[in-house]
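A.B. asks: This is what each chain is made of:
Number of protein chains: 4
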Amino acid sequence: MSKYTYLKEQVYEANMEIPRENLAIVTFGNVSGIDREAGVIAIKPSGVPYHKLRVEDIVLLDLENQVVEGNMRPSSDTKTHTLLYKHFPSIGGVCHTHSTYAVAWAQAIRAIPNLGTTHADHLTSAVPVTEVMSDEMIQRDYELETGNQILDLFAGGKLNYEETEMVLVACHGPFTWGKDPAKAVYNSVVLEEIAKMAYLTLHINPSAQTIKQGLIDKHYFRKHGKDAYYGQGC
Amino acid sequence: MSKYTYLKEQVYEANMEIPRENLAIVTFGNVSGIDREAGVIAIKPSGVPYHKLRVEDIVLLDLENQVVEGNMRPSSDTKTHTLLYKHFPSIGGVCHTHSTYAVAWAQAIRAIPNLGTTHADHLTSAVPVTEVMSDEMIQRDYELETGNQILDLFAGGKLNYEETEMVLVACHGPFTWGKDPAKAVYNSVVLEEIAKMAYLTLHINPSAQTIKQGLIDKHYFRKHGKDAYYGQGC
Amino acid sequence: MSKYTYLKEQVYEANMEIPRENLAIVTFGNVSGIDREAGVIAIKPSGVPYHKLRVEDIVLLDLENQVVEGNMRPSSDTKTHTLLYKHFPSIGGVCHTHSTYAVAWAQAIRAIPNLGTTHADHLTSAVPVTEVMSDEMIQRDYELETGNQILDLFAGGKLNYEETEMVLVACHGPFTWGKDPAKAVYNSVVLEEIAKMAYLTLHINPSAQTIKQGLIDKHYFRKHGKDAYYGQGC
Amino acid sequence: MSKYTYLKEQVYEANMEIPRENLAIVTFGNVSGIDREAGVIAIKPSGVPYHKLRVEDIVLLDLENQVVEGNMRPSSDTKTHTLLYKHFPSIGGVCHTHSTYAVAWAQAIRAIPNLGTTHADHLTSAVPVTEVMSDEMIQRDYELETGNQILDLFAGGKLNYEETEMVLVACHGPFTWGKDPAKAVYNSVVLEEIAKMAYLTLHINPSAQTIKQGLIDKHYFRKHGKDAYYGQGC
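Residue numbers (my numbering), protein chains in the order written: chain Z, 1 to 234; chain A, 235 to 468; chain S, 469 to 702; chain X, 703 to 936.
Hints listed in this document are in silico derivations from the structure and should not be mistaken for laboratory results.
Backbone N, C-alpha and C fix where the C-beta goes; we use that ideal spot for every residue, glycine too.
All clues given are correct.
Taking lysine-lysine pairs in the BS3-like style, the calculated list, with each CA pair at most 25 Å apart, reads:
| id | chain 1 | residue 1 | chain 2 | residue 2 |
| --- | --- | --- | --- | --- |
| 1 | X | LYS885 | Z | LYS52 |
| 2 | Z | LYS183 | Z | LYS52 |
| 3 | S | LYS547 | A | LYS457 |
| 4 | A | LYS313 | A | LYS237 |
| 5 | S | LYS471 | S | LYS647 |
| 6 | Z | LYS79 | X | LYS925 |
| 7 | S | LYS520 | A | LYS457 |
| 8 | A | LYS286 | Z | LYS183 |
Chain X regions said to be covered by chain Z (calculated; three or more residues, Cβ under 8 Å):
| id | region |
| --- | --- |
| 9 | 813 to 827 |
| 10 | 887 to 897 |
| 11 | 914 to 920 |
Between the sequences and the hints, there should be enough to build the whole structure, so can you do that?
C.D. replies: Below, the structure is given as structure tokens:
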């Protein structure tokens, strides 16, 4: 039995949330997790439908994308996940879905503005969207460059990956992350909901604006940081 | 065994309607109930996912927000609930959700106009929306001030809390109430449906108007008051 | 045991399709059926939630709205059903729902144009919408006048109730009918779907037009009349 | 026992995906499959609700639309399926649904533009839409002419049926195909999702454009052709 079975189980469970939460149809989407000490990443195999996925199908790789354990080909998006783990040192899970409303914002190449407290409970910024990828980057090493675009966006926009745990890749769809695989998927669930709420809000009132900074901070910091009083403190 | 077990059970059951009726994702939303004679309020603990919630987790407080029974931290929205119980003396339950269409109207800072009989069966007014909260109120005592904004809206708009059992808090979402916790959640289910119907109506006919007063009264009073003939009279 | 148990069972089953097909929330909606020889109508009792409804709760009335059997109060919409049975002699069931998209068109006071073959498979006309009711009619005998408005619409528009088995009551919602209670509910399911399709179509192409008469007739008459070749001929 | 039981079972299973995936209500939709060596097509019988459909109800026909086996009338859309099998020699299954968003685009008589990678993962072109059928064609042999319109569209638009496995028939709805009945239904599931995503995208950003050719090719060819690296290579 693999010494990484616990990690495979975590990643398996997180992947199975994708169909349960209607975050993607058929085989779309993938979740990974990392054992930071061992430098081992576990990820969904490529193109496997969720109802056929088994714990033992989860593929293990190192941070250079070399397979460590498993007989299946890893997700075609693996290099994007790996790059995020390398540059976002405190994250433990990454999730990529094709959830409908988040994809629509990504295809519209529009950041999702922070229009209410459901959004502000989870992040202070808009949900940012990358630039459209250049032809050179597409041809070079597409999935690696997808990761580079996310890193460039966070660097250029002075975004903190620990406070903004989600991004839209232009013309493609969302990536989310968090302290573990379960939190990464949780963020995809939240993102889809705020993407839908923002869509509807702007169709009721096209001039709806980002809410005031005081309200954003109040909601974000009642859930995050040392003065948080939401939840059970665990 | 607690002498308030019956109240905890009522409040537990009402909270479990939130995921069943798709009124909120993950841990969002909370329902409370009150024993008026004892002055005891029962409410969902903060940040607990519904599939893990147990009857014994429901927290008991007095009207000054002091915990009377329970090991968990109460909902972060507790002070809003308490204030409503203090000022709306005939209500027995309060419900707060982040249901998608109701939140969209709240984020759009638009009252939901009374566009048809589904709405008029439940309230004669529009579903009112509060003002955006001032920075001073946000910083002072946020959840208490949320309650104050609802009270001010009802006082200023000459709204009767027994006839209009729902409100939208601007940039946030809905609160509903009723004679008991079950009725409070029922009103959240109805609100989400009329919020969706109003959204669609105005996208079919942008000049749709509030229906005539005679039709509003006919529908409201066939369900409410001494001449009601809807239902089984119980 | 009632000699009309078969009718109560048919009507019970048809009513239970309303929540199964998501045609209405909580207690909204009602289906009736008629035994033409006996002149007996069976209908849902008023205000009973579907998960509590039992076969024996179905109320029996005559065509003058007098209760023949049953301890519960019949649907508050009973007089609308009765009037339709009186004037549409070949129908055996009537269904009223508050399904979301059909209600939105009714609240928008817009007929649903015949935009495609899903619609034309079921009716050749638009789904018609009544006038807004006058204050005099509302005050006189509301549910009876709702029926009168439907009859006036069909008479004035030269609509054939056997070819157009559905209508939108302005500011209220849909009524549908058919040869038996099951067909009446089936028509409500179809109506909700074509109401949604028409909504979306006009939001993709605001100048979408009623399809050509030849295509309407082709689809309608491959399913209806002596030359029909859809289905198994039963 | 029929020597084509394996084919009937495949076609039965593929048809049952239609209600499971919410691709059509009531009896709408139909899937067929072909045994190329025997020249035998299996298809859903006309007008049968899915919950009553049985393996033995699947009808067998030859390529001239003559029934080879089965007591029921085949789908009224049979001649469209047959014509596609005749002219698209490598396909093994055809699926027709009335899925909501795909129908809306068909009723709007608008091709679905390729707005993102979910679309590009499956086809490089837009989802094409036929011309509105002439009155002469409607009256001649409607279902055959529906097939002819698809063939004309592919010939005129220089579309490759192996790369574009889906089409919208104007004012009607989608047809999809693939190497077997299961793949044909899979394509209907994907089509409904990209139809919804495109609808939402254009309502967030009305000037959203077809994505760049390099991105289309990257996504399409990582899943298709000799250099594909998505999936498990089977």
